[in-house]
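Chains as they are written, first to last, in our numbering: chain V, 1 to 202; chain C, 1001 to 1202.
The set of hints was computed from the structure by calculation and includes no laboratory data. It is possible that part of the hints are untrue.
[Said to hold, decoys possible] In silico lysine to aspartate or glutamate, EDC-like type, Cα no more than 16 Å apart, as pairs: (1) V:Lys11 with C:Asp1141; (2) V:Lys82 with C:Asp1081; (3) V:Lys30 with V:Glu124; (4) C:Lys1016 with V:Asp102; (5) V:Lys118 with V:Glu155; (6) V:Lys116 with V:Glu147; (7) V:Lys195 with C:Asp1028; (8) V:Lys39 with C:Glu1184; (9) V:Lys187 with C:Glu1184; (10) C:Lys1030 with C:Asp1178; (11) C:Lys1011 with V:Asp141; (12) V:Lys170 with V:Asp144; (13) C:Lys1187 with V:Glu171; (14) C:Lys1118 with C:Asp1144; (15) C:Lys1039 with C:Glu1184.
2 protein chains.
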Amino acid sequence: MSVDPERHAMKMAKKKASRDKIMATKTDEKGLIIVHTGKGKGKSSAAFGMIFRCIAHDMKCAVVQFIKGGMSTGERDMILDKFSDTCSFYTMGEGFTWETQDRTRDTEMAQAAWEKAKELIRDESNKMVLLDEINIALRYDYLDINEVVQFLAEEKPHMTHVVLTGRNAKEDLIEIADLVTEMELIKHPFRSGVKAQIGVEF
Amino acid sequence: MSVDPERHAMKMAKKKASRDKIMATKTDEKGLIIVHTGKGKGKSSAAFGMIFRCIAHDMKCAVVQFIKGGMSTGERDMILDKFSDTCSFYTMGEGFTWETQDRTRDTEMAQAAWEKAKELIRDESNKMVLLDEINIALRYDYLDINEVVQFLAEEKPHMTHVVLTGRNAKEDLIEIADLVTEMELIKHPFRSGVKAQIGVEF
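Please model the complete structure; the sequences and the hints are all you need to start from.
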């Protein structure tokens, strides 16, 4: 803690000036295509955090869960119980694909989820639409990446934010996205024998 | 979409068997030290997602914001308005340090936030305590990393989860953490002139 306060103040003033200058150039507003991918935790949680932000601001929003096994039953129950006026919520998937082992059924469900997603995105009263774990459905080709990318590029209303989560996001999706975050796993308690726990994983 | 359904089912059955086997070895339960760091977005949002999970499960929890400029005023207002019985919320910081440029004052505030954090963590009725943006305070040495690490290692109740967010997490903190995720920035709309928007950034 032996930093000279005056030097610190000068350094910080410089930082602030440079930051203010940068921020002044950011004037555009538009609906973003946001992707959370990577092997780390927090992809869905961070997306739900944004949904809660919208709810807090009374902005209409919607969630489609492509894979039920996302396990965020806590958030779902809270939204259904308390905020269903602001946020519509659809769980279309039926657990992880290795739980069902039926490709035809999984494909049908992913397609149904995508139909619902398109309907919600086209409805301009929704300011944000979260497609939770859609990357899993894309990865196994339950959904056609070209169709998804084309729809987002051509039919998404200008001011609507669409958030897509799940590991292994396809390159074509990253290409058209505005904001992409990769959650990288640095350390995980499963490795030392700790199980999934309430409040943390579900 | 030309994958053979039978081959797919076999592959998935194998995946499920191997996953079930791994999960069966995860039997331990304990309070985790969780760190969200990196330059990408979603560090605080994912942490707030976990706080909302706790609230949804009626688990008592608490938030200390070390830097007010985290800007998640939406979440804060929602928690204060609707969930203050379950989650206590303290905003101790006064905006980013380059906004204040007063090292002595910032240090005092970080210290006060840390005193509050210790009190909340020691209270075993809190199942999760979020120290939002504490890594910023640690980075500028407003707080002593050794003191924080020693407290977490020695005084954190066994079943309490503590979540610490902010970029540039110190090595010593990562060392003692159970679960570390680095949010990596792949693409950001600020780069193309888009400003911070309601529901996404705040």
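Status of each hint after checking the structure:
1. V:Lys11 with C:Asp1141: With a Cα-Cα distance of about 15 Å, the restraint between Lys11 (chain V) and Asp1141 (chain C) holds, given a limit of 16 Å.
2. V:Lys82 with C:Asp1081: Within the cut-off at roughly 13 Å; holds.
3. V:Lys30 with V:Glu124: Within the cut-off at roughly 13 Å; holds.
4. C:Lys1016 with V:Asp102: 13 Å, holds
5. V:Lys118 with V:Glu155: 9 Å, holds
6. V:Lys116 with V:Glu147: 14 Å, holds
7. V:Lys195 with C:Asp1028: 6 Å, holds
8. V:Lys39 with C:Glu1184: 11 Å, holds
9. V:Lys187 with C:Glu1184: Between Lys187 (chain V) and Glu1184 (chain C) the Cα gap is close to 15 Å, so the pair holds against 16 Å.
10. C:Lys1030 with C:Asp1178: 10 Å, holds
11. C:Lys1011 with V:Asp141: Between Lys1011 (chain C) and Asp141 (chain V) the Cα gap is close to 15 Å, so the pair holds against 16 Å.
12. V:Lys170 with V:Asp144: 11 Å, holds
13. C:Lys1187 with V:Glu171: 13 Å, holds
14. C:Lys1118 with C:Asp1144: 14 Å, holds
15. C:Lys1039 with C:Glu1184: Satisfied, since the Cα-Cα distance of roughly 6 Å is no more than 16 Å.
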